[in-house]
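Heads up: the sequence lines are chains W and B, in that order. For the first sequence, our numbering assigns the number 1454 to the initial residue and increments by one for each residue that follows. For the second sequence, our numbering assigns the number 1454 to the initial residue and increments by one for each residue that follows.
Simulated from the structure, these hints should not be mistaken for lab results. None of these values were measured; they are calculated from a predicted model. Errors might be hidden in some of the hints.
One copy or any two copies: either way a pair holds, since identical chains are not told apart in the list.
No more than 25 Å apart at the CA atoms, straight line, and that leaves these computed lysine to aspartate or glutamate pairs for DMTMM-like [what the hints assert, rightly or not]:
#1 1667 - 1493
#2 1542 - 1633
#3 1667 - 1561
#4 1559 - 1593
#5 1542 - 1627
2 protein chains.
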Amino acid sequence: MRVKCTVWYDGTYFYGFQIQNHERTIQGEIQKALKQICQEDIIIHASGRTDAKVHAVNQVFHFDTQKEMEPWRWQRAINHFMPEDIYIKHVEIVDETFHSRYSAVKKEYRYYLNTAMYNPFLAHQVYQYGHSLDILAMQEASTIFLGKHNFASFCWYDQYGNTIRTLFEITILEHDGIIEFRLIGDGFRRYMVRHIVGGLIQVGAHRISKNKLKEFLDSEGQKKCLYKAKPQGLYLYEVTYDEK
Amino acid sequence: MRVKCTVWYDGTYFYGFQIQNHERTIQGEIQKALKQICQEDIIIHASGRTDAKVHAVNQVFHFDTQKEMEPWRWQRAINHFMPEDIYIKHVEIVDETFHSRYSAVKKEYRYYLNTAMYNPFLAHQVYQYGHSLDILAMQEASTIFLGKHNFASFCWYDQYGNTIRTLFEITILEHDGIIEFRLIGDGFRRYMVRHIVGGLIQVGAHRISKNKLKEFLDSEGQKKCLYKAKPQGLYLYEVTYDEK
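Chain W with its partners taken away, still in its complex shape:
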C-alpha cells in the first residue's frame, strides 16, 4: 500500500529535510512517527530535499507499508506525533506507479524578502533585507531565465550532472515592502532558486545589470553567479503531478 502525504513545515529549527544522525530533520521526525504507528522501519521519499531553515507549504512525500488505514486516520495518526513545526495537511492512497519525485511534472518555489523595517515576527520567515530594491529592474531581468536553459552558472559549485531545466514562470510582486518571487519550473537543482533570487537582488540593488546576469547564464557554468539568498526566505510552495 502506497501512501502519499502533503506536509507543511517551518524549517527554522531543522537541519533540512533529509535524515541525519544526531540532527533534527523533517524526515527523521516523520519516520520516527511512522515507526510508532506501523511498528516497522519505514523510509519516506520526498519530492525533493529542502535545506536547513528552508520552509515548505506543500511538500509531498510517499511511503509503502503493509498497514491499511483510511487517509484521515493516517493524517490524524501521524499528526499526533508531529512537533509543532510540522503538520500533515493531506493524505491519499495512491497506486504503485506514483512516485513523489519521479512523477512530479512541475514545482513552485516562493521566496520572500522584507525591504521595509525589520520585523521580529518574521525573523525566520523572510529574508530581512532592509533596503529598497528596484522591482521593475528585477522583473525585466527575470525574463532571461524563462524557458529551457543550462542553469550551471546558478547551481552549486560541485554540481555537474544535468543542470538543464525549464522555467515556466517567474513572477515578482511587492506588498507592504515584502517582495515575493514565484518560480515555477520542471525542477530545480540544489541552491538554484536561491542563486537566481540572489542574482536578481544584485540587479535590484543596481550592482549588476540584466546583461551581466544574462552573460552568467549563457556561460553555462564557466562564470558562476553565486549570490546565494538566505535560506529563511525560501518556501517549497507546490509540487504538481500529472492527472491520471
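Based on the hints, put chain B in the right spot on chain W.
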C-alpha cells in the same frame, strides 16, 4: 532628558515584559542595552506589562538619561544590542510631563485565533483553535462590553482595586479562517482581554449565551467568567497619547 520609544517584539521566548532575575524579559534586554550605551543603570517605564508569550506591535516605554543623542542615533544604538525578537521602531525626545503609562489615553489590543487547519508557521503567533466559531453570535455578544463597566468578573482572581474601565470599540473580523478581535479602551487589567476573548469564544462555540455572558459582567465580580484565551494570540497593538 526623557526618551520615548516604540517597540515591537515577538513575546514567544520571553517571560513577559517586566524584568525578573534569571529570566529572559523584554525590559531586561532593553535595560541591558541601555547600560551599555549610557554607562549607567537605567530603568524603563512601559505603557503596561505584557505577560509571557504575549506580543506587541507598538508597545511604548520611556526612560530618563543624562546622555544626549538624536532620536535616530538612539534607535540605531539600542537596536544594535537587541536580539532578533525585539526591534525599536521609533524614538522621540519628549518633555518631562510625558509618561508612558500615565499619559496614555487609549489602548488597543488585538487577538488572533485560527479556526482553520493547524498552521506550523503561526504556532506561536495565533491561538490554534482548530474548530469553527459562530462569528455573528460573537459579534452580537461583544456589544455587551461596550462602554463603562466594572470588569471585575473578567479580571484575574486576586485583583481588587479599580476594575472599572471603558471599552470604546470591539470588532471581530474573519479572514481565511483567522479570526481577529480588536479591543480599544481606556485601559485593561491583567488578563482582561484574554478573559473577554475567552468568554466570546464560549459564545462562538455555543457553550454559553450572550445573556449568560451579560450576567457575568453585571455581577461585577460575584460570578467570575475566567475562560482565559491562550497568550500567544494576544498583541498589544497601539497606545495613544493626547496630542499636545
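Within, between, both or neither: residue 1542, residue 1627 at alpha-carbon 25 Å: Between copies, since 21 Å is at most 25 Å while 28 Å is not.
Within, between, both or neither, where residue 1559 and residue 1593 count as close if Cα-Cα is 25 Å or less: within (23 Å within a copy, 47 Å between copies)
Copy assignment of residue 1667 with residue 1561, given that the CA separation must stay at most 25 Å: within (22 Å within a copy, 51 Å between copies)
Same-copy or cross-copy closeness of residue 1542 to residue 1633 [CA-CA at most 25 Å]: Both. Shortest intra-copy (23 Å) and inter-copy (23 Å) distances satisfy the 25 Å Cα cut-off.
Alpha-carbon proximity context of residue 1667 and residue 1493, limit 25 Å: neither (51 Å within a copy, 55 Å between copies)
In summary, the one numbered hint that this structure violates is 1.
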